[in-house]
Amino acid sequence: MGTPWDELTLTFSRTSMFPFFDIAHYVVSVMALKQQPGAAAVAWQNPLSSWFTAMLHCFGGGILSCILLAEPPLRFLTNHTHILLASSIWYIIFFCPCDLVSQGYSYLPVQLLAAGMKEVTRTWKIVGGVTHANSYYKNGWLVMIAIGWARGAGGSIITTFEQLVKGDWKPKGDEWLKMSHTAKITLLGSVMFTFQHTDHLGISKHNLMFLYTIFLVTIKVTMMITKSPLVPLAPLEDILSRMLFGWQQQIPSCEKKTETRPASNGPCSSASEAPVDAADDAKKKYAKKTE
Amino acid sequence: MGTPWDELTLTFSRTSMFPFFDIAHYVVSVMALKQQPGAAAVAWQNPLSSWFTAMLHCFGGGILSCILLAEPPLRFLTNHTHILLASSIWYIIFFCPCDLVSQGYSYLPVQLLAAGMKEVTRTWKIVGGVTHANSYYKNGWLVMIAIGWARGAGGSIITTFEQLVKGDWKPKGDEWLKMSHTAKITLLGSVMFTFQHTDHLGISKHNLMFLYTIFLVTIKVTMMITKSPLVPLAPLEDILSRMLFGWQQQIPSCEKKTETRPASNGPCSSASEAPVDAADDAKKKYAKKTE
Amino acid sequence: MGTPWDELTLTFSRTSMFPFFDIAHYVVSVMALKQQPGAAAVAWQNPLSSWFTAMLHCFGGGILSCILLAEPPLRFLTNHTHILLASSIWYIIFFCPCDLVSQGYSYLPVQLLAAGMKEVTRTWKIVGGVTHANSYYKNGWLVMIAIGWARGAGGSIITTFEQLVKGDWKPKGDEWLKMSHTAKITLLGSVMFTFQHTDHLGISKHNLMFLYTIFLVTIKVTMMITKSPLVPLAPLEDILSRMLFGWQQQIPSCEKKTETRPASNGPCSSASEAPVDAADDAKKKYAKKTE
Chain A
1 MGTPWDELTL TFSRTSMFPF FDIAHYVVSV MALKQQPGAA AVAWQNPLSS
51 WFTAMLHCFG GGILSCILLA EPPLRFLTNH THILLASSIW YIIFFCPCDL
101 VSQGYSYLPV QLLAAGMKEV TRTWKIVGGV THANSYYKNG WLVMIAIGWA
151 RGAGGSIITT FEQLVKGDWK PKGDEWLKMS HTAKITLLGS VMFTFQHTDH
201 LGISKHNLMF LYTIFLVTIK VTMMITKSPL VPLAPLEDIL SRMLFGWQQQ
251 IPSCEKKTET RPASNGPCSS ASEAPVDAAD DAKKKYAKKT E
Chain B
1 MGTPWDELTL TFSRTSMFPF FDIAHYVVSV MALKQQPGAA AVAWQNPLSS
51 WFTAMLHCFG GGILSCILLA EPPLRFLTNH THILLASSIW YIIFFCPCDL
101 VSQGYSYLPV QLLAAGMKEV TRTWKIVGGV THANSYYKNG WLVMIAIGWA
151 RGAGGSIITT FEQLVKGDWK PKGDEWLKMS HTAKITLLGS VMFTFQHTDH
201 LGISKHNLMF LYTIFLVTIK VTMMITKSPL VPLAPLEDIL SRMLFGWQQQ
251 IPSCEKKTET RPASNGPCSS ASEAPVDAAD DAKKKYAKKT E
Chain C
1 MGTPWDELTL TFSRTSMFPF FDIAHYVVSV MALKQQPGAA AVAWQNPLSS
51 WFTAMLHCFG GGILSCILLA EPPLRFLTNH THILLASSIW YIIFFCPCDL
101 VSQGYSYLPV QLLAAGMKEV TRTWKIVGGV THANSYYKNG WLVMIAIGWA
151 RGAGGSIITT FEQLVKGDWK PKGDEWLKMS HTAKITLLGS VMFTFQHTDH
201 LGISKHNLMF LYTIFLVTIK VTMMITKSPL VPLAPLEDIL SRMLFGWQQQ
251 IPSCEKKTET RPASNGPCSS ASEAPVDAAD DAKKKYAKKT E
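Residue numbers (the working numbering), protein chains in the order written: chain A, 1 to 291; chain B, 1 to 291; chain C, 1 to 291.
If you are wondering where the hints come from, they were derived from the structure by calculation, not from laboratory data. Only a predicted model underlies this, so the values are computations on that prediction, with no experimental measurement involved. Honestly, I wouldn't trust all of these hints.
Because identical chains share one entry, a pair is satisfied inside a single copy or across any pair of copies.
[Unchecked claim] Okay, derived cross-link-like pairs now, DSBU-like style, lysine-lysine, Cα gap no bigger than 35 angstroms in a straight line: (1) 138 x 166; (2) 138 x 227; (3) 166 x 220; (4) 138 x 184; (5) 227 x 184.
Working from the sequences, and respecting the hints, build out all of it.
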């Protein structure tokens, strides 16, 4: 890679998230909260509870990684600038007269810009999580992956758990199975950055950050424009499932035995002709998600 | 303020909670547990589980603040004196023949005395929480407020969560919204003590402790005598909601827009003529509580 | 006790758990997971989720004790050897063609051997937990008991909680009461080892480990061979309940009062003629368990 390219990626990897990208992240998170049914009513009746939920949406990933590393979950409250920023955004979005913000946000270009910038912050969070976990456990690359993942995609877990406690969300056994598209991409990124951090990838960090961010943003934007869920990881998953779990299918002799495996719900039957079905299931999941 | 007054408040603020006020706190908490339906039967069938629940009722606030600060939640088990005291009170209350204790407790004066002394411990807990959090984060006044609040009123959160896990309590979306009267007063106190601790209030700590305790006890006792819920904070809440969320109502042009805000349950419609209704809702809440 | 006996118990107490006993523990845990309805289907659809659940089954006790002591719950991920071992066992058990492993495991002798070895690891876990807790709180013998118990029997708590979050398990009020047979034995062991550690028992640690392990294994094996639940602790519980809660029954005068105690479900009435019933209830519980 040439010097100008390196310069570009270096300057990119040194971009500060603080004012603008964080704002985009907060806006997208709070708008996602507001679009939940009844959220606006809650904000009017009990602003404190609504504010608390909004903070969970904005800082959930950090809170989860704090819990997983046994750090004070309240630490995010010590950064008053970010709290103030997120709170004012929450206030504007929920209490702006005539819902001006919601109307402005309803235009696709605005959404695209905000979502793209939010994806950029995701890269920074993953890198931060991996580095932070490495400061705890030198060689604990599993922990590094987990923390990077938690920082990047953990917000949804925290908010889902909060909804569970509030009773807004009744879990179903297979709900848990569905790993969202974002979670998968974040996991992939966390793995890559971990291996880069342990020098198992022959690529410099700033290059990886640049490329991974491009990857994130393009996928997000394409998914938002073409409402159809493009599934960049499906082939990868397919290959993996073939490699790991597919070869059992070459032994037809014990189809019956696998049939007799204990199973309550339908999908188990698909276990006997698995990998293709697995891919199908995956597609179905995405279809469900985007409906 | 004169010297005798200062002496009074100083001696008051130096009162030790240990033998008597703690006992009152344990008695009130365990009696609250026993008055839950089926609690007595549980105590007979599985004393260990009942004892554990009683400990949660007695030390819930401390446990919650420990979790929030990533300290061992089991630390409360190291203070053997308090555990022994709470356990013996639990034993006496649940297994005293002929329910003598319950009968004695059923007299209003006894209840008033116990409840009043319990409120005194609340002040001490809030102050302890604020000071403790300050030892972690020098300027983290948000954390100080949160920890003071958790110590003072967190017991109910812990026990509610335990009931959720046990399945005794099925959460409803709006259950979560109702902030109990006590929680609000405790939050107010936590805010005041935090600002006092950061020298933003021109009042010495012992005076504030004295006045706030008087405030707590009078409100509690009045609420217990006149079964009617007097709502000292309603006007404050009303003013606040007018200041923060009321001014949108001056723009009648976008009533329709606010109507069209996504909302599942009725209350959202009340959002369009909010502040007065908010106060009404609050009153309704209290009415529900005291029925 | 003579020298050969001491030598025997010493060498026994110095046995390393690592390769074989841990394998047995992982096999038993993962098989228990696989025998849950639908687990196999989950493994095919979403291997990652199934792997995560398997890890919770294998390392749940350690995770719980980490949470209770405010240590990073992810620490178990740093021991790569154990993770690799457990993961490969999970992979073999779930994806072995023709379910060879399940078939091999279906023979009683194999199950007996595996279960027996798993019980051995339980002793080691309890001792480890007690010692670890003692390094935190010198005289906190309550904490030592709790941590030893959590390490030894906490896996079931963690997995139950996971099922609750996943919605596979709907809690009922009395579910929580039932303390499993294993939990009771583990609690007894944790108490004994704690008192041994604080020198309140006149027996050396290696002897206690040896005897307690024999006790565990024999009970487990007998319970598996004679499907009938033998309840070695029932008499002990009976005596205890008589001592602690039985003497109230000598005062017949206040039967009526105890009847009037608030209670939603039937069992409360049994409170008035408690201890015998308590034993019955216990037996009923075990009967339920083994059906």
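Results for each hint:
no.: 1; hint: 138 x 166; verdict: between (38 angstroms within a copy, 33 angstroms between copies)
no.: 2; hint: 138 x 227; verdict: neither (43 angstroms within a copy, 49 angstroms between copies)
no.: 3; hint: 166 x 220; verdict: both (30 angstroms within a copy, 28 angstroms between copies)
no.: 4; hint: 138 x 184; verdict: within (25 angstroms within a copy, 39 angstroms between copies)
no.: 5; hint: 227 x 184; verdict: within (19 angstroms within a copy, 45 angstroms between copies)
In summary, the structure is inconsistent with hint 2 from the numbered list given earlier, while agreeing with all the others.
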